[in-house]
Amino acid sequence: MICMHFSSTLQFPALMMLSEHIFLCPVRYASPQISLSYNFPYFEIDHVFRDTFIQVQSEVPGSPIFLMKCAQNARHLEVQLVADEYGQAISLFGRDCSVQRRHQKIIEEAPIVVAPKETIEAMEQAAVRLAKLVGYVSAGTVEYLYDPCTDQFFFLELNPRLQVEHPCTEVVAEVNLPACQELYRQPAEHLRRPPSCYVIAARITSEDPDEGFKPRPGDVQELNFKSSQSVWGYFSVGSAGGIHEFADSQFGHCFSAAETREQLSDRLVIAYASECLAIHIV
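Quick note, the sequence shown lines up with residues 1 to 282 if you use full-length UniProt numbering.
One or more hints might be untrue.
[Claimed, not checked] Result set (BS3-like, lysine-lysine): computed pairs, CA atoms no more than 25 Å apart in a straight line: (1) Lys-69 / Lys-105; (2) Lys-69 / Lys-226; (3) Lys-105 / Lys-117; (4) Lys-105 / Lys-214; (5) Lys-132 / Lys-117.
In short, the hints are calculated from the structure, not lab data. Since the model is a prediction, treat every value here as computed from it, not as a measurement.
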């Protein structure tokens with residue numbers, strides 16, 4: 001069986017997944033401790049792999065099956081692309097979006113600092129090659145999982161749109177990304193320049209920490225935000241507005257920029273502590 005042969009080089013833990021149906025099934029975990037932490041059963045016998053394959057295959061007959069290695073302690077890194085209609089594509093550095101909750105990004109940072117310079121350059125080069133290969137035009141994002149233990153990165157997807165956190169790249173690269181989407185007939189090469197600063201972004205969400213940070217709808221009685229030259233933000237609602245149950249829990253985004261990375265978090269925390277941001281939702 002091809003799948004069995006491939007699994008011998010994959011290294012466990014791993015998951016099987018159908019492409020036409022969201023059905024995840026653990027294959028085999030390397031230790032009971034890892035299995036316990038992920039709340040998945042621990043398999044030691046190879047025949048269980050075959051049983052798992054048959055179980056997944058029977059869910060949607062004929063559906064392609066993906067066998068995926070579990071990337072433990074991985075970072076979520078992404079590369080911003082801009083491509084023109086002449087076949088040229090460039091990377092505008094990357095973003096670190098590893099801080100997440102409930103499968104949603106919370107903190108974003110640019111440029112990437114958690115990987116070696118050579119690895120980051122390899123990620124950007126791979127993203128550019130992909131864009132050229134498929135004839136991509138406009139702005140887009142190539143997302144990766146990065147394993148800091150092995151210094152390896154793995155492709156996730158090419159997201160053919162602007163990300164919510166695109167202002168991080170705009171500030172660092174001094175480029176207007178929405179405008180790039182409209183000006184794709186102009187050569188993209190001239191947009192590339194050295195990073196001008198460091199940026200960190202924090203998403204503002206309406207969630208209930210007592211309920212596992214589930215989205216919490218409600219009425220906004222107060223929303224007061226004071227932007228400064230180094231800390232700014234935007235919101236989709238205002239005072240006397242509301243967040244309904246069918247909306248995304250994020251309703252704001254705050255950004256901080258500085259010449260050094262060490263100044264970033266301090267500026268953002270100070271802005272919050274000094275009542276630059278006051279929100280009351282009931």
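Now the hints, each set against the structure:
1. Lys-69 / Lys-105: holds, 22 Å
2. Lys-69 / Lys-226: Violated, at about 45 Å.
3. Lys-105 / Lys-117: Holds, because 24 Å separates the two Cα atoms, which is no more than 25 Å.
4. Lys-105 / Lys-214: The given pair, whose Cα atoms are some 14 Å apart, holds under the 25 Å limit.
5. Lys-132 / Lys-117: Within the cut-off at roughly 23 Å; holds.
In terms of the numbered hints stated before, the structure departs from hint 2 and from no other.
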